Structures are given as C-alpha cells and as structure tokens.
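J.: Protein sequences, first through last, are from chains Z and F. With UniProt numbering, you'll find the first sequence wraps up at 464, consecutive numbering, no jumps. With UniProt numbering, you'll find the second sequence wraps up at 464, consecutive numbering, no jumps.
I should point out that these hints are in silico values taken from the structure, not numbers from a laboratory. Because the structure is a prediction, the values reported are computed rather than measured. Careful: at least some of the hints might be erroneous.
Note that identical chains are pooled: a pair holds if it fits in a single copy or bridges any two copies.
Said to hold, decoys possible - Simulated crosslink set (DSS-like; lysine-lysine; CA at most 27 Å straight-line):
| # | residue 1 | residue 2 |
| --- | --- | --- |
| 1 | K214 | K322 |
| 2 | K278 | K214 |
| 3 | K238 | K214 |
| 4 | K79 | K173 |
Protein chains: 2
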Amino acid sequence: MSLETPKLSEILTEIDNALPAATERLFDLLRIPSISTDPAYAGDVATAADWLVTELTALGFDASVRPTPGHPMVVAHSKGEGPHILFYGHYDVQPVDPLPLWNRPPFDPALEETDKGTVIRGRGTADDKGQLMTFVEACRAFKTVTGALPGNITIFLEGEEESGSPSLVPFMKEHADELRADMALICDTGMFNADTPAITTQLRGLLGEEITIKAADRDLHSGHFGGAAQNPIRVLTKILASLHDETGRITVPGFYDGVPEISNALRAQWEDLGFDDKAFLGDVGLSIPAGEQGRSVLEQIWARPTCEFNGILGGYTGDGFKTVLPAEASAKVSFRLVGTQDPHAIRESFRALVRSMVPADCEVEFHGHGASPASVMSTENPMFEQARAALTDEWPRPAAFIGAGGSIPIAGYFKTYLGMDAMLIGFGLEDDQIHSPNEKYDLRAFHKGSRSWARILGKIYGVE
Amino acid sequence: MSLETPKLSEILTEIDNALPAATERLFDLLRIPSISTDPAYAGDVATAADWLVTELTALGFDASVRPTPGHPMVVAHSKGEGPHILFYGHYDVQPVDPLPLWNRPPFDPALEETDKGTVIRGRGTADDKGQLMTFVEACRAFKTVTGALPGNITIFLEGEEESGSPSLVPFMKEHADELRADMALICDTGMFNADTPAITTQLRGLLGEEITIKAADRDLHSGHFGGAAQNPIRVLTKILASLHDETGRITVPGFYDGVPEISNALRAQWEDLGFDDKAFLGDVGLSIPAGEQGRSVLEQIWARPTCEFNGILGGYTGDGFKTVLPAEASAKVSFRLVGTQDPHAIRESFRALVRSMVPADCEVEFHGHGASPASVMSTENPMFEQARAALTDEWPRPAAFIGAGGSIPIAGYFKTYLGMDAMLIGFGLEDDQIHSPNEKYDLRAFHKGSRSWARILGKIYGVE
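Only chain Z is shown next, with the shape it has when bound in the complex:
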C-alpha cells in the first residue's frame, strides 16, 4: 500500500476489514441512552456529544462540544482541499416506550440474524447513530489508508432532532459563517428500496391551518332549532367539500402558482425505479390512486401539491345519539407544497376563500400551524451527479434523484439560513422500525453505507 497513490479500492477494502471494529464503536455510542425529550437523560445526551468529540478528535478533526440553551451541538472541522462539504446527522434518539414490546434492552445493542440478514438491534441504530457513523467510518478509512482526512469537511451533529430542534436555527444563524459550505450532506433518510440507493432532491413543503366555524353561542336542541338555526358542521362540510374539484384539483385561487412539471430526465429516473403502485397502496389496504387524475403515484406523492383534511370535530361524538346543533365545528387542513408555491400567499388565499363561504350569521376563526415551502435542490451542482454515480457503483440498482412527500425541516433550514443545497442520502429501510420498539439497522446498510460515503468522498475529492 502506497500513501502516495491511494486507491479507492484500498479504502473500500479497509472498510470491509474494519467492519467488526466499526460495529463495536457504534455499539459504544448506542449504549448511551441519549433521549433528548426526557430531561432525565440530559446527562446521557451530553455524554454522547462528548463521545463523538473524542472520536472525531482522534480522527484528526478539530472537534468541540458547542453549548446551546438545550442540548449541545457537535461541530468538527477538517481544513482540507477541494469543495467544502457539511455533513449533518443527529446523535439523540427517541424514547423507548413501550419498553415491554422490545425483544432486548433498547440500549444493549447486538447483532441479530433475521430472515432478511444480519441486523443491528437497538434504539438509535437507524435513527440516526448508525447512519451518522457510516460517514465517520468512511472518513476513518480514508485516514487509515491515506494518512489524512479526505478534504474540506465540517461535521455538524445535533442532539435535539427528536425533540423539535429548538436550538438549531438560532445556532445556525449565529454560526452561519462557520457552517456555510458548498453542499450539505444529510444522512437521516432511507433507500428507495433495499437494493436501490437514492438522493432526495425535492421535499414537499407544508402549510397547516385550523379553521373553526362558530354559529349559535351555545349548543342547541335540534328539535327546537333544527331548520331555523345555522349548523356549523354543515357550514364546515360545505367549505371543505369545495376545496377539491371533480378531478381532484385544489380550488384555492392561485394555488398552482409555482407548481412546476418535473423534467423529462427526472421522469425517466422515476419510471426506472419500477415503483409498484399496487404494492404501495395494497400494503395499507387500498388499491386505487386517489389523487389528481393523469399523474403517477410517485408524482402524486413527490411532485404534486395536496390539500388534506387531517382532523375534524364537531357536536356529539360519543356512543349513541344526541340531537344537538353544536355551537362550533373545526377542522385541521394541511397543504403539501411543491416547487416555488408560497405558503404565506396560499394561507391568505385559503382564508379569503373560506371567509367568502361563511354565512352572515357564522364566524370563522383561523389558527395557523406552520408554513414551510418545498425544498427543491439545484441539481446542476456536479456533486449531485458525482454522488449518484458513486451510489450506483456501490449498490445493485442505479441510484435515482427522488422526491419525498413529507418535509425534512433541516434541508429547508440549510437553504434558508445558509444558502446551501443539500443531498439527503441515507441507508435506512421502511422496516427499520424507527421511533418504535425493536428499531434495527441492517448490518449491510451500515457496511455498504460506509462504502457509499467513501465512494462519494472519492468522487468529490478526486480519489479514484
């Protein structure tokens, strides 16, 4: 082995050889019960941060624990050559309740053989300690083989992701110059499927609205008043029923401003994924795509905006029957947003539309719940295609740029506060049971995930 001419293949071999040791290191981190939502575990969260700083320092990073009003951040820099990348992960974990449903202690990790191969069992394996360590182990292999970390890298690890990240944006704003990079790498997502890696390049935004229709100043008896008094459930259902037309399009004026069609290239990648509509819906007892007509299911969930009713409540809802005309009725309505749809403009347009449908004798109250635009990455940056090629080299199936139906706030924050695009690359699978008992991470995901990052770093920093 020559340090003068490092070869990617040597680095990958080092990862293969070091897998048992890497697994033991991950176990050390997994044994720390760094539950961020429960104040009783605050000391453990700090211990996990310290453990990471020690590891990263040993690898040659300039690493430190950075206090916040909540749990600390870990920031580590390696001032190498080439593009500056910022790697993000989180070292806190979800609570473990209900404990009796675990088949082993959640903070006593172990390898288990299953029908689908060897898994690492324990809280935080997939979300997100196992994932963040794939990147650390890739860096370690570079260091071992080449004697140096691969390039100009910042590692940024959070300890509050599972408790709403209250300190994240303030910290990001305060340390914007330190954290700003050419690209963010976020390892907290999944593969498209077990053989198909993915880079998430577009995430839908989310606008939440709660509307309450009020009529009489008290609940009324439907015998005494029925036929003469406004019924707020009736008003509410008329409003909600008007929000979609017969083809499933949303009727809020201006709603489709900024909704792009996906490119032919992306459409081709998505078609190549061989997504199984029937299995996707069949898994939850459905069979017929319910969204906009003329759109594939992947388009419906990744690239099209929606208006959904997440909750509705009014009147008597207990057992039996009560002939009440309720004083009020309410609904929680959310919009998934794509492209450059403006959540604030849509909120105003939605409220104006609702107000126009409220009868003179009723009132409406609005309660806004969050308004984040879609995150759509500018994939012209060559790192996107480099990463896609690297992942395609590692896995059985080609990698694709995919969408995500849900929001991942961190990607939006990087864009908003640091002006960075992000590549969301992760190796989790649908069956990892994150947030649930018996969380696991495939040993294959940990191993090939590390190799994937080594390949991506190789492409970015010119190690072939």
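We have chain Z; now place chain F onto it with these hints.
T.: Frame of chain Z, contents of chain F only:
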C-alpha cells in the same frame, strides 16, 4: 251550592280556595326523591307511586300500582259518563346533579317570590309532578263541588319517563284494551308563552343515522401518502355537503314524499301567535333564519323536515397539528320528519345515496339510531276545539294549535299502539329549568293549569 246544578264557576272557585291545600299536597309528592335513573332511589319511586294511588283512591278512582320489570305504572279508572279520556303524566324526576348549584335542597320544595311572581321551587315541580297534579286537583274540585268525578276518565302515570321508558310500550301493548280511550291528554309540555296556552297537535319525527367512512387499514402519514391515498374525511365531507341544495332543500331521493303544506286555518293561528323570529334566534346569538327559503321560522321548526349533522369526528383533533390521513371518519346525521314521511323508506334512500358517493376504495358502515314518524293529530275530533276554547277562556291570549320541533315519544306510542290521538297541553315555561338545578313551576301555572283542566273537563262533559 246545589249538587243538582253544578256550575263550572263554582268548580273554579273551589280550585281558587283550595290552592294552599293543593300546594301542600304537591309539596308532599315533591318531597319524595323519585329519581328513576338511579337504582339507589328505586324505593322512593315506589313510594311516589303508592302516594299517588292513595290520593287517587281517596278521590274515588279505582287506582292501583301496576308492577313492570322496571318502575311501576299507576293506573286509575273512574267509570263515568261521556267520552273516555286517558290522562298521562309521569311521577319520576331527573337527577339533581350538580347539587351545589341549587339554591335550596331539591327535595325540600318551597314557594319563592321572584321578579316574575311566585314560583314553586324544587326538582319535579314542572317536570312533571306539578303538571300532573293540575289534572288531579281539577278532578278533586269536581268531586268536591259535584260529589262525583267528572266523567269516564283513566289516569295513567309512568315512573320511567326520565330513564327512557323501557316498560312503557310493553305495558301499553299488554293492557291495550284497558288503556284505549277516545282521546289522550298529555300534560308534559309548555305554554306558547306565559300568556298564551297551546295544544300541540303536530310533532316532528326523528330518524338517526351514523355513517362511518373507512379507507386505509390504518392511519397514514400525509407526507408519505398524501395525494395518493383516499382521505375518509374528504369523502365524508363531500357526502354531507351534497345533502342540501342551494336553497336548503334536502337531496335524498323521495325525501319530500308525505310532506304536507299546513292548512290556511293553522297558518292563520300561527301568524296570530306573533312569534318573534328575531328574539328566538337572538337569544342564542343568531339573527338570520337558516332554513328553507320562503318559510317562516315557525314553519321551519314545526312543519318542515330537516337534515342535521349532530356530530362529526375524524383524524387528529387534539391540540396542535398531526399530519395524519385517518383510517376512518364518521358523522351522526338526523332527520326531523313531518306529515307522513316514512322514516324507514328515507333511511333506505339515504343509505343508497351515500353508497353511491363512496369511492371504490372506501367502505361505508351505517348504524341506525331510531326511526319514528311525525305525530300529526286529527283535529277533527271536537275535543280539540273544546279544549282550545276552554284554554282561551282561562288565559289572557287565545289558545292555538301549535307544532313541536322535537319528538315526544309518548304521543307516537298512543297513536301506534292504542290508535288514539293525543292533546298535549301543559303549562310549563321556557325558564322552568327542567333537568337543571333550581327547577321551578310558576304558582300561576299550577293554579291556572288546574283551572284550565277544569274548564276542559267541563267542555268535554257538559258542565258549563
């Protein structure tokens, strides 16, 4: 005073003179805590029945306590001349919770002076012990003045009205020959207002339906599935919103079969009542009649059918926001029925209409909750006009045949099981606080109510 030529005026004077004694008798009955819903008071319910039998026997009735699987009935006969009338009332009362809100012990009745005159305060004063005793005191005055009860009278008193009358229909069926009369008199309703007596001649029926729309076999994440999966709240609101057209008419096919227009005579009586739409709606914070266009408020609530939504529930309804697509959503829907609308036919038509709107990937479940047709009395029987004239003689304002928006099951039972029409005549007022703390019955209502029955009995049995 001559027994040979009894005069109504003497009987009325006797009622006036006997008012203090009558009030004391009512107090005796009110002191018995005959709460029918609470098994702890079963002995008190029985005591109240015994007290009534003793009273009625002393008056010359052939009275007895009649056991049922629940609380007993009291049945009393006086085999006199003339039409056979059946008087119905109930001697059980509502529970008294919350006790701290009472300004005196609920079963320690007393007269109280108020802004609006003297009231009898206590549980059961208006509902229904005070009301039923108006009839007993009228009979007593006849007996005192004429030496005999006024005619062919059966008194039928129930002890389960406040707990759903489980024994009523079986008892009625079993004793149909004994109870069947030419007319039922029911004293469990109110005046039109404090000066205007009323005979309720039409009561709306009620059909209750609960519908549940089911889509996926579990709650889904709206980020992952939104746009592709059916949302049962959306399906439900579409269905509910379609049940009324733009003019407020109900769209269930065949719904208006059997809906009559009210007669010109009745329309004139209702117009004479001087009903104050603005006050009626203003009392509950509303101002604009919300029902079918072109109908008066009284028509809307007494003579027109409705479709109301009494409850709706689906998805997340707690604080904050949860981006769930719920597995199911449900609503309680009720129809107030008039004329000869057939609740069973409407139920089938409603269900067929709903089924036609449920998408292929969803299911609907129905749960029926009661189906009673409207009760519309045949006012051709001369007793109706006799009673109206008698009431008009007693009170400041002329009596009217009115409707009632709600159902009073007993009226329907008499029609269905005994083939009798019923005159619902009562002296309660809106502010009597029945079913609530500090229930009261105006002393004036008790006094003039007794006089009213004496006048009605006089008309029926030819005592002028």
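J.: Hints first: check each against the structure and report whether it holds.
T.: Here's how the hints hold up against the structure:
In this assembly of identical chains, K214 and K322 lie within 27 Å of each other by CA distance both inside one copy and across copies; the values are 19 Å within and 23 Å between. Proximity of K278 to K214 under the C-alpha cut-off of 27 Å is restricted to the inter-copy arrangement: shortest distance 19 Å between copies versus 42 Å within a copy. In this assembly of identical chains, the alpha carbons of K238 and K214 lie at most 27 Å apart whether taken from the same copy (14 Å) or from different copies (20 Å). In this homomeric assembly, K79 and K173 come within 27 Å of each other (Cα to Cα) only inside a single copy, at 22 Å, whereas the closest approach across copies is 95 Å.
Taken one by one, the earlier hints all hold for this structure without exception.
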